[in-house]
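Number of protein chains: 2
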Amino acid sequence: MSTRPVAGPEIERLIQLLSKLPGLGPRSARRAALHLVQKKDQLLIPLAEAMGVAVDQVCVCSTCGTVDTSDPCTICTDPRRDASVIIVVEDVSDLWALERASALSAQYHVLNGTLSPLDGVGPDDLNISKLVERVSEGNVSEVILAVNATVEGQTTAHFITDQLARFDGVRVTRLAHGVPVGGELDYLDEGTLSQAMRARTNF
Amino acid sequence: MSTRPVAGPEIERLIQLLSKLPGLGPRSARRAALHLVQKKDQLLIPLAEAMGVAVDQVCVCSTCGTVDTSDPCTICTDPRRDASVIIVVEDVSDLWALERASALSAQYHVLNGTLSPLDGVGPDDLNISKLVERVSEGNVSEVILAVNATVEGQTTAHFITDQLARFDGVRVTRLAHGVPVGGELDYLDEGTLSQAMRARTNF
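First to last, the protein sequences are chains A and B. The number in my numbering is simply the position in the first sequence, starting from 1, with 520 added. The number in my numbering is simply the position in the second sequence, starting from 1, with 520 added.
Only chain A is shown next, with the shape it has when bound in the complex (with noise of 0.2 Å):
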């Protein structure tokens, strides 16, 4: 009795999809198709509309590599940003909160990745070399690594402060390692906990 459709297979395709979305489990899925096909003209014609778009001109930056809908993206044309300073980054997503947090007006470079030998990714698999080209341009004076504190970012950051040794002038950044702001002592690993000891500042 479970298999029983109770709406057409074009709907029960809408459900399936947007349950692949994060966030949205199949009965959340199914709520939001529902929202969807009931709010036809405020909610599911503007959003197959955006798709669309979305479809047609989203592409990759050839210069740092995020997502946007022109290339060069909105970020690397935006001339209030200091063209000095590259902030690297694993992915999109850690760009986006790295804005979010409107930490520096920089410039990005996405690597789509970070180096990791048992799953067969190497520094050709990641957009390294034209990090290197961008910084062999001349106009670049620091690089932040703003990768993640993993065992793989870690690594990957080593190797392209390696690749841009050869840079005199260019200085080699990272994040500060310390206790999150809003983190209780109690809950941190020891690791954390040394590392912001030894990096303690005055107060």
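Bear in mind the hints are in silico, worked out from the structure with no lab data behind them. Keep in mind it's a predicted model, so treat the numbers as computed, not measured. Please note that the accuracy of each hint is not assured.
[What the hints assert, rightly or not] For lysine-lysine, the following DSSO-like pairs were computed, each having C-alpha atoms within a straight-line distance of at most 27 Å:
{"#": "1", "chain 1": "B", "residue 1": "Lys560", "chain 2": "B", "residue 2": "Lys540"}
{"#": "2", "chain 1": "B", "residue 1": "Lys540", "chain 2": "A", "residue 2": "Lys650"}
{"#": "3", "chain 1": "A", "residue 1": "Lys540", "chain 2": "B", "residue 2": "Lys560"}
[Said to hold, decoys possible] Take a look, some chain A residues computed to stay more than 10 Å from chain B by CB distance:
{"#": "4", "residue": "Pro542"}
{"#": "5", "residue": "Ala574"}
{"#": "6", "residue": "Val605"}
{"#": "7", "residue": "Asn668"}
Cβ atoms here follow ideal geometry from the backbone N, Cα and C, with glycine treated the same way.
Place chain B on chain A using the hints.
Same frame as chain A, now just chain B:
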């Protein structure tokens, strides 16, 4: 600084529309949009197509009032269902919930709301006259009022019962009230408990 765009307006619009889906907030909409544009071939294109199909084909069944891609709908045209029993629900979401439970293989009738004089919702605003018409055709033996156990739901149930009183041989029933399966007595309200006690059955 927080207003600097990280991507073109087309992607911002996609995020904004996705955040209107139930279950997705501004943050998860951003994650979903990124997931979509990064999985263009596997997800964005199929989902855009599925939505386009839905835009073209979704309609309201002129018999029962549910949403589907055909009229009469999948349920109304299903020959395996018992056409002599009509389950009356407030919304399509209730229909889908009952179908998930595989409770009964019957026909449905969606009211699209409840009587609510304070909100200006009268009998003519609901899909009630069509229900009376279906019953008057003479093939119906039972109408199950599967409305919510709220004041509005019960008011609507009484109104429909009055409308159907003139049809002899049509039994009007409602869902059982009682302890939810898996529910703990300690957490239940007095109304449910006393109802469950009055309607107790042999063990």
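Now for the hints, and whether the structure bears them out:
no.	hint	verdict
1	B/Lys560 - B/Lys540	holds (21 Å)
2	B/Lys540 - A/Lys650	violated (38 Å)
3	A/Lys540 - B/Lys560	holds (13 Å)
4	Pro542	violated (5 Å)
5	Ala574	violated (5 Å)
6	Val605	holds (15 Å)
7	Asn668	holds (16 Å)
When each numbered hint is compared with the structure, violations occur for hints 2, 4, 5.
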